[in-house]
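Asker: Let chain A serve as the given structure and place chains B and C on it in line with the hints.
In order, the protein sequence lines correspond to chains A, B and C.
The working numbering numbers the first residue of the first sequence as 1 and each following residue consecutively.
The working numbering numbers the first residue of the second sequence as 1 and each following residue consecutively.
The working numbering numbers the first residue of the third sequence as 1 and each following residue consecutively.
In case anyone wonders, no lab produced these hints; they're calculated from the structure.
Fair warning: this is a prediction, and the values are worked out from it, not measured in the lab.
Cβ coordinates follow ideal geometry from the N, Cα and C atoms, glycine included.
It is possible that some hints are incorrect.
Some chain A residues judged to face chain C by a derived CB distance under 10 Å, without partners named [what the hints assert, rightly or not]:
#1 55
#2 58
#3 114
#4 117
#5 119
#6 122
#7 128
#8 134
Cβ-to-Cβ under 7 Å is the rule here; a few derived chain C residues that face chain A [unchecked claim]:
#9 9
#10 62
#11 64
In silico lysine-lysine, DSS-like type, Cα no more than 25 Å apart, as pairs [stated by the list, open to error]:
#12 B:273 x C:10
#13 B:95 x B:156
#14 B:89 x B:157
#15 B:759 x B:974
#16 B:152 x B:26
#17 B:468 x C:10
#18 B:475 x B:457
#19 B:97 x B:17
#20 B:475 x B:420
#21 B:914 x B:885
#22 B:273 x A:39
#23 A:26 x B:553
#24 B:724 x C:10
#25 C:10 x A:50
#26 A:6 x B:157
#27 B:598 x A:10
#28 B:91 x B:2
#29 A:39 x C:10
#30 B:495 x B:26
#31 B:17 x B:348
Here are the chains, one letter per residue:
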Amino acid sequence: MTYNVKIQRKLLNALFDIKGSIRDVKSYLKECVKSLPVKPSSYITQGNWKILYVGPNHWILLAPIDQEQQLVSSLRPHDCPASISIVLISDTLTFFHIDGPDAFDIISIASPINLNADAFTPETATFSEIFGLKALIFRHGDGFQFAVDQSFGDMVSNYLDLTLAN
Amino acid sequence: MKNLNRLESGGRIDRSKSLSFSFNGKLYYGFEGDTLASAMLANGLHVIARSFKYHRPRGIIGSGVEDPASLIELLEEEASGNNLCTNVKLKEGLKAKSINCWPSVDFDVGAVVQYFAKFVPAGFYYKTFKWPTWHLFEPFIRRAAGLASAPKEPPKKGHFESRNAHTDFLIIGAGPAGLLATLMAARSGAKVFLVDQNTEAGGSLLSLKLNINQKPAMAWVESAVKEIANMSNVTHLQDSTAWAYREHNLVIINEREVENVSIIERSWRVRAKNIIIATGAIERSLVFPNNDRPGVMLASAVLTFVNRYSVKPGDNMVLFTNNDSVYSYIKDLKTAGINILAIVDSRKHIASAVLAEAQNVRVVLNSIIRNVNGYKKVNSVVVQSLVDKELETIPCDLLAHSGGWNPVVHLHSQSRGTIKFNDRIASFVPDQFIQNSISIGACNGTFTLNEIFNETKSLLCGVSAHSKPLVYEGKLECSKQSYSIEALWSIDLSKEKNKAFFDIQNDVTHDDIQLALTEGYSNIEHVKRYTTGGMGFDQGKTGNVNIIGMVAKEQGIDLDDVGTTTFRSPFIPVSFGSINGVREGSVVLPFRHTPITKWNLENGAFMYEAGARWRRPGYFPIGGESFQQAVNRECHAVRTGVGVYDGSPLGKFELKGENVGEFLDLIYTNIISSLEPGNGRYGLMLTDDGLIFDDGVAFRIDKHRWFISTSSGHSDAVYQHMLKILAFDHPEWDVKITNITNQWNNATICGPLARKLLKKLETDIAYDNGSFPFMTFREGHIADIPARIIRVSFTGELSFEINVSPRNMLVLWERIIEEGTEFGILPVGSEASHVLRVEKGFLSLGHEVDGTVDPYDLGMDWLMSKKKLDYIGKRSVHLRRSLGKVRKELVGLLPNNPNDAIPEGAPITPDGKKVATEGFTTACVWSVVNERWVGLALLENGHNRHGEEACVRMKDEIIRAKITKPVFHDSDGKLLRS
Amino acid sequence: MLLIHCPFCKNRNETEFVYGGPVGANRPDPNLVSDEEWVDYLTMVPNPMGPVYERWWHARGCDQWFIICRDTVTHEILENPSEEP
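Chain A on its own, in the form it takes in the complex (with noise of 0.2 Å):
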């Protein structure tokens, strides 16, 4: 192994993609979400949710797929008010941790974003580029997380195979 890390490609999370004005949002989902990340690219957890503040008025909340649901339950995509979006997406990404000591190399391989601890900070969550797609990046204790659009996944995987082959 070139790199001391562990690669691993999960199978679903739970995704909504949330869209509307920060005040219509944070009203709307007062009864599940207790606060919405402010600062842009950063991610706040409430349990074992996430909820990532990813482009203006745009949100993501992410959590374990068993809670799926029970999350369209209280989210009601199907009836919110018109100047709220909710979309389920949980399919639209596939998820890759890599942990280990070298996680910071295997990312600066696939990706130009500055990832200096100054510059992408352990709240950091923001759509950047891995190996040249659209990819959603965030820490994740030492490693990091990152998800590409789910049918590019197998490619990514030979990517990454190829960035650590002997």
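Answerer: Relative to chain A, chains B and C alone:
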């Protein structure tokens, strides 16, 4: 092992580690710490290569990246093309061979070229392009002017890598200036990158024996390197060249020796807040006849081979100079046992302090080298006095020369910084900085150690990338040095018969430059192109300034007015592999899979890319079936029974908000906003210049929610288009768009038996035509899977597009195949899908829609709303049509001979004559329902020509076809609504 | 390779963005302009040597379209351009 020319002691080589290598099949030995060049010289090898154009024997001239001559090819495990042997680190078992010579480097038949040189002058290529014909000379020139061949196999071991980094400081060069800058920046706590292209740090101090604080300078270097190694904020790369300086302080570095052995080379893209360029200077050649003979070397290279590699390149030496630097070498050269016969100095006077260093050495002032004797090795030089023109021949085996020093301004210039000529050092130095960088030390024209340190300290004070100021506390007392020069771009070469080279790599001589000037190519960029001087792998590192000086002299103008040619990246040759990184093998082309990819492969699908990187099944051949047999079978299933098609790649978007209806009315040509929930409409999107951009369907889910689908290959473009309109034209609208392309996969069942299959699959959705008509969608379950079923048809048959989440796609697919077996269901590939849509005359992006057609051209003007005041493209379509010009319009083609296939793209001309085309074939397929070939074409005035004959003009024949309506099956659309 | 400042994501590599051309005139109401004015709107875009306002889409980032002012000669991205597009 004993090397012929190896000194008894000294040097920065490890004599306990002997390494064997082979050159042109012969075995030699060197030591750890050698380059291939130093090991070759140690073994007495002096003819390394043959020159590019004249095949003259060439030896080692420089000691590093500046060497213009010693190209070799590495073999076997290290296989790579054109390497400078001065840049190749010696390794055990290294195998190298000469290039550009046949049968051998010692006896090269190509060398006869030099006797015909006057027939191959500067500008030869350009002239033969015009007359008589380049093709006459091309094969010969290409063979003769060969470089190494590219390796035939990819490297057997390891892979390349490319990575990114961000830093506060990037310091390029680990000589005295770069090291001091690194200490200052690193001690402030800033994040620092230090890169240097040598195998070890020290720069000029590796060769010059100077003192810092009364100790050898290398002791200071070693302590600095040690301190840096213990700082976690510093990344220190040796054997790594910064070869490109791009926009916004991005520098690309090629790391040749990676600590991790499975990485052959690594490329770094470093984005730095501050860049400190400390790239040193390169010694300039002098120009005199036969200045390319093996044994004629740069003086600094001789010193480097002696001091750093403990190799004596010759026994009896003459030095030729126009500046002070060689005088400081005398002591070291003598210590090495080299007999210095004379120093030939072109200057009239030199400082007495400089002269004092030449005790017991004959110094011949106001003189030049008039000629060099010897073919494969120098055997004597001819010295000429500039006063009385008297000639004196001095036998020797080594001529070392120095024409002064060129600051390495390449990266500064690549950063778009400007340069100016400096008279004091007779060379170009940085002037204006455009990006956030500074140049320090020799690359800034500062040549003595004391001045270098002082300059570094004072210039870094002004840098403020980091909160803390940069300071160096501690004394730095250095050996005394001085430097002065009198420019000598070339000795007087009028009436000279022998070749005097300005650019040794490209064999550019004095005559070539004269010819360029005579023929009017006086701009320096033209001189470069006409003569090739300064091109090639060395980019004129040792010779370019001489060419500029020569042009200035001939025209009687200043060097600043001549200027320099553009310094381009790469600074040194870089392997493609390193730039490319890990992108090789299976990922050379990006690819996307749907969840049933594995099923497709297991069921014999022939897979290839079909737009937007989707790797899709083209067709599913059984046994020994041909392409056409497999496609026909799949089409037949859809037309007579049922087929299933994986339509997952279709672009899909959910739109939500108060203004979605208005928005869709703006981007589609027809009215979408009036749809009731559950219903949809086929629509066209145009660009604002009135041409078709995409087609797809839009469905309303509820009052404020809609979904649309786009063609698979165009979903990213449509997404971009929609967001751009919302951002700039209608920021006041409330429309939120979510890309759900990969949230919904679909299996489309199509064919007259589709409804029977649906029944068998079991669904809670009422699917009779009355309750679930064409162009509606329903949500519910099928085979216990949550699904959204849409009644659209891209085949013209009864179709149900069953959308499920990707996690359920394979289960659904296998159920469909299982339950469909009794109806003879077949999986349908993209080829059959293409046939089915052509039979119906449905448009396809990239075929009928090529960015030049509007809805009228395709007979789809019925989709253009007359009620809407505006939609994207409306004004332009009407404006263009009001001009009344002839348009190419969509028609069907029935070849007169039903077995004649027309190649897609084939041109149609009036009567098949060799005149301008009047159209072209956009598609042609074997129609299973018509049992003949049918085609579609865009043809001038085609709508009015039904019934006439079109002539497809092929290379050897004309295919005649009847022009028809562009539909060959179910022309009134009963089946798809059934 | 430019380093582009996205209003939401801060400095990012050029490869994350899609270029959307220089900022031309706003789209007029097509029913209120002459043929010439319409054609001008479609075809006339600024193309200076020097600062120009241009559109970029952060395709591999926050999905936002935004405008920057870039000097076409030096590539400098002006943080406080003198006039609005």
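Asker: Work down the list of hints and note, for each, if the structure agrees.
Answerer: Each hint, compared with the structure:
no. : hint          : result
1   : 55            : 3 Å, holds
2   : 58            : 7 Å, holds
3   : 114           : 7 Å, holds
4   : 117           : 15 Å, violated
5   : 119           : 8 Å, holds
6   : 122           : 17 Å, violated
7   : 128           : 6 Å, holds
8   : 134           : 4 Å, holds
9   : 9             : 6 Å, holds
10  : 62            : 3 Å, holds
11  : 64            : 6 Å, holds
12  : B:273 x C:10  : 15 Å, holds
13  : B:95 x B:156  : 15 Å, holds
14  : B:89 x B:157  : 18 Å, holds
15  : B:759 x B:974 : 22 Å, holds
16  : B:152 x B:26  : 23 Å, holds
17  : B:468 x C:10  : 24 Å, holds
18  : B:475 x B:457 : 11 Å, holds
19  : B:97 x B:17   : 23 Å, holds
20  : B:475 x B:420 : 33 Å, violated
21  : B:914 x B:885 : 23 Å, holds
22  : B:273 x A:39  : 24 Å, holds
23  : A:26 x B:553  : 76 Å, violated
24  : B:724 x C:10  : 20 Å, holds
25  : C:10 x A:50   : 22 Å, holds
26  : A:6 x B:157   : 23 Å, holds
27  : B:598 x A:10  : 19 Å, holds
28  : B:91 x B:2    : 18 Å, holds
29  : A:39 x C:10   : 12 Å, holds
30  : B:495 x B:26  : 43 Å, violated
31  : B:17 x B:348  : 48 Å, violated
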